[in-house]
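Participant: Here the structure of chain A is known, so what remains is to put chain B in place on it, guided by the hints.
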Amino acid sequence: MKPSHSQAIQSFARRLKFLSRLRAGVQMATLWFFIWGVIILAVRIAGTPQTEWLAFGILGFVPLVMVAGIRQRSRQPAFDKVRACYDRLKACGGVIMSEEAADMTAWQAHLPEASVPKLRWHSGQAMLLLSVSALFMTVALLLPERLTRFSSHRPLEIGRTVDQLQAEVQTLQQEKIVEDKKAEDLQKQLSQLKQDSSGLDPNKTWEALDHIKESNSDAAKQAAEEALNKMTELAQAETLAKAMAQAADSGMSEANATESAQDLASMLNAAKLEDGVLKGRLPPELLAGLNGLNKEQLEKLIQALELNKNSLGLTVSNLANLKLIDPALLSKCQNAGQCHNPGALAEYLSTCTNGCNALAECLLLCKGGPAAPMTWDNDTSEKDVKFQEHALPPAAHLSDAQLVGVSKAAPEPSGNDVAAGHDALDNAAASGGSAHSQVILPEHRQAVRNFFKRDN
Amino acid sequence: MPDTILKPEELQPAADLVRKILEQLDRILLGRRELHRLVLIGILSRGHVLLEGLPGLGKTALVRTIGQILKLDFKRIQFTPDLMPGDVLGTHILQETSSGKRELTFQPGPVFTNILLADEINRASPKTQSAMLETMQENSVTLLGTTRLLPQPFFVLASQNPIELEGTYPLPEAQLDRFLFRVLFDNVDTEVLDRIISERRRGELPAPTWQMEREQLETLFQTMERIYLPRPVSRYIARLVSATHPGGAEATEPVNRYVSYGASPRAAIAIAEAARAHALVAGRPSVGFEDVKAVTAPVLNHRLILNYQARFDRMNASKLVAELLGRLDETGLNLPKDVVLATA
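Chains as they are written, first to last, in numbering that gives the first Met the number 0: chain A, 0 to 455; chain B, 0 to 343.
FYI, nobody ran anything at the bench for these hints, they're computed from the structure. Note that this is a predicted model, so its numbers are computed, not measured. One or more hints might be untrue.
[Stated by the list, open to error] Cut-off 20 Å, straight-line C-alpha distance, at most; resulting in silico cross-link-like pairs (PhoX-like, lysine-lysine): (1) 117(A) - 175(A); (2) 336(B) - 117(A); (3) 331(A) - 452(A); (4) 80(A) - 220(A); (5) 278(A) - 220(A); (6) 336(B) - 80(A); (7) 336(B) - 16(A); (8) 318(B) - 292(B); (9) 220(A) - 271(A); (10) 80(A) - 292(B).
[Stated by the list, open to error] To be clear about the criterion: a stretch of chain B counts as covered by chain A if any three or more of its residues have a C-beta under 8 Å from a C-beta of chain A, and this derived list gives those stretches: (11) 3–12; (12) 322–333.
Beta carbons are placed, not taken as given, at the ideal position from N, Cα and C, and that holds for glycine.
Chain B extracted, bound-state conformation:
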């Protein structure tokens, strides 16, 4: 492992690429700097991202822009209640060959792409939603006993509308767990809105001035592999995830009171990967505690299953995670309360 830690000159090209991607995103989509970083971290971690926000906040625009910048194939599915799994994955159709024989040939669905925008994913039936499970976890599609790999890289950027919940099917926990992040889209401030009105006629986005080559994306992924995760940090992630379980050794009082089920080991892996990507975005060869803290909330906020008491007390997962991050000592030194540390 020691030889794999990046040197500054090795990290620099990847850091430059990340900087350029973010510059393009920030230029095209105004007022979403933090969101852009999170989505990029999700892509670098090869994870799927669930975007949650009201209509018109730029979810589709963001996904399309990323596809353009990364020069990746991009497809969009508008999920509706009558959408069938075959509409997503593809289907076998009877075709006549040149020899006059008829045979079933596979017609790939929109899932065979690099970036899939699953718009309003919670409007599809559970049957169709579950059809996405294999694609998201295994990056493959199995139909009639034949497994077909999806093109790499493959990312699902799903969106769901938190309002108009009539006729929707909330995503089951198993599917939610497959999303690396759940990112909340909030409204932009007046300043940004003013710029959008004046600079984006009819909402048309400017074209990216720079696009990433396929090899460059591979470089980024290779660099990601060499971001070092120190043992104290991995221990912190493990303690953090354990602490989300009620009755855990370091579980806080609100966790014990409001959480029914804590985060899975997949969540711990997701935090570690996302923290690596965050370190890369920050231009560092190793993961620090601040990287973990930055990605913990979007990783855990859809993975904690809260009880009814939490609903009564208007407690949500984000507040619980924030409280947990505030209480848990990162280093495990567990200094007494009356001893305070400060930088010189």
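Excised from the complex, chain A in its bound form:
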């Protein structure tokens, strides 16, 4: 059954309404996808944690499409316009439009057959935009995190380095190697570096860290050297004190005892225990009465010397644990001033006459005794060894050389492979004797430094 013109107009109006709503919905969805994509990107670039909720924002287009539909409802064309449009499309010559004024049934026979006009939406561009915006949003959502933070502040991974440096500074402060104020400044500086470091400009950070590391290391080395010296002196003084105590039991003469006490005093003075960064301390009453110490006082002195030596050893050990000093230096400190034969010194002190030189004897004993004679009776055998003769090119005589200039500066780096002519390096593939320099990036400095600091 074919529809009447009024039915066709109603149907046409409905189609028009549906199409306008669909079109507005697509536009709204496009706009929403684009806006939400931008929001997703902004949130992710800002580094907001836990962005899973952004995925639910996609559903935001549903209420928007509904709003667009409601808005289109209020904007839909008036019925008389739709009827006029139908009249024009069907070439009814105003007869259909005249229904607004009178009944035009009598003219129905003169009108073309009723049918609903076709509405065609060329939706290619709209659909393309919708697809692009949806794709944009999806990409924004699924983009790897490392790509979304390209422009944001990216801190350097220096946490462990800073922690280590802070521990070093703390140890140096505890051991009184670094003053409290300076140590606090360094701690603050390290905290600030940790906070402000940026992956976009790491040079400053790495240089500052290297500087602190170097200053820590220098301070630790200085302290370790000082500790080594003091421990050596203290060990020798301890050896002498022990020998004096043994010699007193063996009947050491009064003159020898006095001389030995003077030597002991001069050794303790040479140790300069109370100077430098690692300050030690001996009981003042013992130091005041060094010339007339009895056995009991000597025992106390020995204990005080041992205590100071242990304290220094502990400090050096702490520094070594933090790798601030070379482990070899630690072992040196542990063996510092050890005497191989302390009994011999006691015997010397009790037996020597006409002026004992306890100090010289002590030093001789502690440094390992007299030097061994050198022997040359184990030559390398050249039996069955063949040597290949290699003729060197004639060298240019020095008188032929031409002086270009004299400079105290280091040779300039040069990229040219210009070999020095007429000398032994004529055929060498080296770079002509010019200095070769390799730029070491700040982040690689520590690795390079560690490589050259290897134990073996």
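Facilitator: Showing chain B alone in chain A's frame:
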């Protein structure tokens, strides 16, 4: 208004009369079907028509034939530079009465007729041209304080020659605006020329085989009064005329660029009337958009005042009107560009 819309049986007699008039015109004047319809539409709209074309294209013949078919009084004035207003309107002359008294009596000019052919109207002086203003607008002549009505119906069918413009006086805008249509006469094709040569010895036209009675003409005018103009169509006409004004809400870019002054409200009325007549000629009781489109060009092409830029760019009013008709959405639905309508 609803009761005034014509029913098919009411419209049929008028439609038959129109058909017969056009048949006679097409039979007598060969190859001018569209032109005949336009001139008839002009007469049904009680408007004046300006015919523009080269000599020998049949302008006078057309007017004379219409006069014969409609059985209306027909006069012709050949406009020349020395033609005076009195030669057109009439003049007072001193005459002796039977009683021996002398008094001024009015001697009507050729304008007192039903159909006036003003031949080469642009050759008369502005003074004489302006003498036509009152006759064309008011259908009356006022001389020495006395207004005399012209016989009804009164139509001016003026012709002007677009060449040999030396010694001519272009019609002022005020007078141009009084013409309902400006119809351009163009050359006929070879086929028609062949028929004219073989069937019209010495150019003599055959006599009409049918003539309309005065009452029948009245019937036509009465039927015209009942042709219905729907609101969407009248709104379209209003939008169309507004769009001819530069800076108008729906003015197109060429209008803004080339038009100095757009069409007057008289033009809108003229379009509406002409569209009604077009609907009657098409045998319909109401005006459709296609009726408006059919008459818009001849109504507007002499009413748009273009600027110098248009002259430089060889733009004319006809092109502008065609462009405007193509761009303006008739119904005002203003569907988006990507939505296309098509009949099923």
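Participant: Run every hint past the structure and note whether it holds.
Facilitator: Now for the hints, and whether the structure bears them out:
1. 117(A) - 175(A): Violated, at about 95 Å.
2. 336(B) - 117(A): With a Cα-Cα distance of about 15 Å, the restraint between residue 336(B) and residue 117(A) holds, given a limit of 20 Å.
3. 331(A) - 452(A): Answer holds: residue 331(A) to residue 452(A) is near 18 Å, not above 20 Å.
4. 80(A) - 220(A): The given pair, whose Cα atoms are some 97 Å apart, is violated under the 20 Å limit.
5. 278(A) - 220(A): holds (16 Å)
6. 336(B) - 80(A): Within the cut-off at roughly 17 Å; holds.
7. 336(B) - 16(A): holds (16 Å)
8. 318(B) - 292(B): holds (14 Å)
9. 220(A) - 271(A): Status holds; Cα separation ~18 Å.
10. 80(A) - 292(B): holds (18 Å)
11. 3–12: holds (count 3)
12. 322–333: With 4 residues in contact (Cβ-Cβ under 8 Å with chain A), the coverage given for the region 322–333 of chain B holds.
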